[in-house]
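In order, the protein sequence lines correspond to chains H and L.
Going by our numbering, the first residue of the first sequence is number 1, and it counts up by one from there.
Going by our numbering, the first residue of the second sequence is number 1001, and it counts up by one from there.
Because the hints were derived from the structure by calculation, they are not lab data.
C-beta atoms are modelled at their ideal positions from N, C-alpha and C, and glycine is treated no differently.
A few of these clues could be false.
Residues of chain L clear of chain H, computed beta-carbon distances all greater than 12 Å [claimed, not checked]:
no., residue
1, Pro1049
2, Asp1056
3, Val1075
4, Ala1194
5, Thr1391
Derived DSSO-like pairs (lysine-lysine); straight-line CA-CA distance at most 27 Å [claimed, not checked]:
no., chain 1, residue 1, chain 2, residue 2
6, L, Lys1051, H, Lys93
7, H, Lys104, L, Lys1375
8, L, Lys1277, L, Lys1288
9, L, Lys1203, L, Lys1277
10, H, Lys104, L, Lys1288
If you anchor each label on the Cβ, the simulated ranges turn out as follows [said to hold, decoys possible]:
no., chain 1, residue 1, chain 2, residue 2, range
11, H, Arg281, L, Val1212, 18 to 26 Å
12, L, Ser1216, H, Ala257, 31 to 39 Å
13, L, Arg1003, H, Gly129, 40 to 48 Å
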Amino acid sequence: MKREKYKSLRTISHQDSVVGGGPLCAGCGGQLSLRLFHKALGENVIFVNAASCSTLLATYPFTPLSSSWIYTAMGCAPAGAQGVRDALDILKKKGILEPEHDRKVVVLTGDGAAQDIGLQSTMAAIYRGLDFYYLCYDNESYGNTGFQTSASTPYGARTSTAPISPSSPHGSLHERRDLFEIWRVQKPSYVATVAAAYPLDLSEKVYRASKFSGPKLFIALSPCPPGWDMDPEWSVEVARLAVETGIWPLKEAVHGAVSHTYIPRQFKPVEEYLKRQGRFRHLFEPERDAETIAHIQATVEDYWHQWSPNETTTREPVGAPPRATEDPCKASLVSPTILDR
Amino acid sequence: MTRTMLTGNAAAAWGARLAEVDYVPAFPITPQTEIIDTLARWCQDGEMPAKLVMMDSEHSMLAAALGAAATGVRVFTATSSQGLVYAFEMLYAIAGLRLPLVLVNVSRALANPITLEPDHNDVLSARDTGFLQFHCETSQEVLDSILLGYRLGEHAKILLPVIVNLDGFYLSFTREPIDVPDLTEVRHFLPGFAPAYSVLSDKESVALGATVLDPSLYTYFKHQMHHAAEAALEIYPQIVAEFAERFGRRHDAVEEFMLDDADYVIVMTNSFASMGKAEVKRLRSAGKKVGLARLRMVRPFPVDDLQAVLRGRKGVAVIDQNISVGKGGILFSEIAAALYSLIDRPPVLLSFIGGLGGRRFRPGEFDGMLEKLEKSEETSAEMARPHLLFTTAEGREVGRFFAIAEREP
């Protein structure tokens, strides 16, 4: 993706609208995503929050946000956002709210709310063409309650409701739901996947989205040190590995038309990502679960086989790079086109 | 002022229109849908400058109401029954944020069994949420209660949302003659919405609904809500008096019907009280000293008013059009608690359950209730439990349904 505004790290704002010292975990990928997102979005924001880890951000009498905030409930933040946005418009029309004091309405939610309990209200807000932002920080679980399985939980991951035992040695056996595709079906103004390890990509996407009115939705892959069972200082590195292994595609869809904004020159084997996290430890200890690792690798390769790097929405396979061999460590996918990082 | 025939639903729509509400999040459900259809038509035609938005469920509808009220506009919405309980957590959320708005509930008995007929388990399930509650007998009262509701709920000492209840079918679809006040008159009584609290549209940032982890702090907020609801007990009569002077109609918390020298009092609510009044008139003309007290304000619970009209009587029968399964009539328990400490509380206080799923009273039932009050033969254990109104004839009807259902092919 050719970036118009965010060409170097210097272009990222120094202003922090989310200060530190709050109760979220060290290395929280969600909070990092929120900070970067907010820097790119700028001021005059109202966050409409669904129950999630982020609900603990504002704990009376403190809030780490210079922006406004309202908590709704778990399944209805987009509906709450509808009310906020409509009310702002009503007050502007009545001359009670000056246009320069208008706000950007931003739904802030985890993947549990976005995928499951809040999916209905999200789809309805997209259907109504609500002019709002939606930041889903995706830690692939119900994080705040102790890391239970959500529809974002990837195949083979251990969660507290998919624990590892002799009778159940593989972890969760459901494929995670492709939320990007679910949203995209309604052709919202803008949808994007982001990861905080790629701050320029993330910031540029927020900038691009800001040119549209209507629904602007983001899924931010958010490593969760306690839930993914890893050291907090690896949070950014693990997010980078998710992208470099091809597990987390960085892409955007403008009115439903998809393009990938970054494709690794050489995909790393998924194992490099899986090995860093305790929630996948059962795939390596006490014995190597070659079948599950191969399944994960194959799913990733199937995805990339369907996308031509330069085109949008086409599903023609890319010149058939080699499929995974029996030893996934030796496999690699070579993209025929070199793109900017 | 225009005198016209309006259904309860149309009266509710007029109430919202005259209150000059800004925002109507909506979702259909029988028997309230006519309210939002009417408002949608007016908003579309420009007769009403409000914005109406069709939402994706009642839970989302109330979330939108919460968001809009928290941003600083006057919000109206309507639902019934399943919709009200589907949205249940949002009732606590709205009241807990101290957001004034009016929610019209058109009462309908709850599934299962699924039905369309009215009773009050739906609206009464919300009695703990912090919403104030008015229960209406007539279409006029519905319209007036919406105006009173905004005036009361938006009062700086109260700041609580309000439910206005009317019975499905019996009132929602029944046309009655009503006076529709002029907008200019209403504006003197109910000025434009000016939030008495921080809203999201303020220039300064505000965090609403922050997590409260400290138990004393949570307790403080809940106590505040309760005190605010209690403040309504003092403020409401002032508002009622002003409304009566301006529009010529009084809507007290408890309506007194033929109570002056009554030895026995029947307590009822909502539209079925009309049937109760007719029965009381008949019994009076037969020489019985009986009257009816209609409880109109359910939250806050008007303890003083109820004590005043019920103390010193020989017997009181509370007809609950609801049932708390395993206990009995909801209002009976609340009334009993209000009377407990009075030296001159009625020695006989009986609970009757009627009107479930819209069940009409049968001939002779009021005579029967009065007879029980007069004879006062119940043991104390019996008095604590509800009498379930049901006739032998109904038993036979039910038997016929079963016979059909169980018939061999």
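Which of the numbered hints above does this structure break?
-> 1, 2, 3, 4, 7, 9, 10, 11, 12
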